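Enquirer: With the working numbering applied, the sequence shown has no gaps in its numbers, which climb one by one up to 276 at the end.
What the hints contain is simulated information worked out from the structure, not anything from laboratory work. Among these hints, one or two may not hold up.
What the hints assert, rightly or not - Distance condition first, Cα-Cα at most 27 Å in a straight line; then the derived DSSO-like pairs of lysine-lysine:
(1) Lys111 x Lys71
(2) Lys235 x Lys45
(3) Lys61 x Lys102
(4) Lys64 x Lys76
(5) Lys138 x Lys165
Note that the coordinates shown come from a computational prediction; the quantities given were computed from them, not determined experimentally.
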Amino acid sequence: MEVLGVLSGVGHLPVEVTKSAKSLGYRVVVVGLVPGVDKELATIADAYYDINIGKIGKIISTLKKNGVTKVTMIGKVTKEVLYKIGGIIPDLRAIKILTRVPNRKDDTLMLAIVDELESEGLQVMNQTELIKPLLPQPGVLTKRKPTAAELADMEFGFKMAKAIGGLDIGQTVVVKNCAVMAVEAIEGTDACILRGGFLGKGGVIVAKAAKPSQDQRFDIPGFGLDTMKSMIHAGATGIVIEAGNTLIADREATVALADEHNITILVKEL
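Given these sequences and hints, build the entire structure.
Expert: Below, the structure written as structure tokens:
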């Protein structure tokens with residue numbers, strides 16, 4: 007039986023990935039990288055470990071000890087942990103990675119980690135291989151379709167999201183009346199949405215898109231119930247995401263919550 011390692015951040019996507027992998031016949035070893043990973047993971051994985059993301063050497067040795075040959079990275083891990091006091095105490099291997107990278111942009115750090123894993127014979131999989139059903143096709147997923155004004159904001163916001171993705175800043179923007187209210191950076195999607203909703207006084211549109219040169223081994227855009235709850239608090243009326251390149255966790259429940267609050271979800275094709 008082939009052994010898959012799941013390096014998990016927070017959110018429900020790692021649970022869906024683990025279940026999918028097990029249904030395909032993998033033995034699954036999960037490593038929780040940050041506090042707050044879904045507690046269900048420990049009950050469904052064949053083996054489960056909590057190892058801080060700064061302990062790269064321990065993560066690799068644990069995977070190899072369990073016979074892992076393939077790895078997938080899924081779930082939210084924001085760079086905020088790099089700057090939080092007491093958030094990460096890096097081991098020697100992590101320090102070496104941090105000292106050799108030219109900057110701390112998302113892609114730079116993730117590619118360095120991918121290279122470190124693959125240097126040890128651990129193949130990093132395309133994130134979408136195990137969860138293709140979570141990638142929606144173009145169209146409106148909700149009962150309510152966008153208004154003309156919302157469509158204009160969605161078109162504008164999508165272009166802005168692609169632009170910041172090209173700069174490796176983030177993947178999400180919040181817009182209103184074709185003006186940018188907030189841009190996602192180190193704080194993550196939900197905090198960006200809440201800030202944009204506050205500044206826009208509600209009635210905002212959220213746009214989320216993959217980077218123009220998205221590496222599908224990591225950081226595929228995704229959202230689910232937590233993001234929808236942030237949109238509700240922010241007074242958002244809709245979200246536009248990219249077809250075939252955005253993962254939706256708990257899709258049925260997420261769309262139902264959107265319908266309950268009259269929020270529209272548009273899946274846009276490039």
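Enquirer: All hints, please: hold or fail.
Expert: Hint-by-hint comparison with the structure:
1. Among the hinted pairs, Lys111 with Lys71 is inconsistent with the structure: their alpha-carbon atoms are about 31 Å apart, more than 27 Å.
2. For the hint linking Lys235 to Lys45, the alpha-carbon distance of about 20 Å falls within 27 Å, and the restraint holds.
3. For the suggested pair Lys61 and Lys102, the alpha carbons sit about 12 Å apart, so the restraint of at most 27 Å is met.
4. Using a Cα cut-off of 27 Å, the hinted pair Lys64 and Lys76 holds, with the two alpha carbons roughly 17 Å apart.
5. Restraint check for Lys138 and Lys165: the C-alpha separation of about 25 Å stays at or below 27 Å, so the hint holds.
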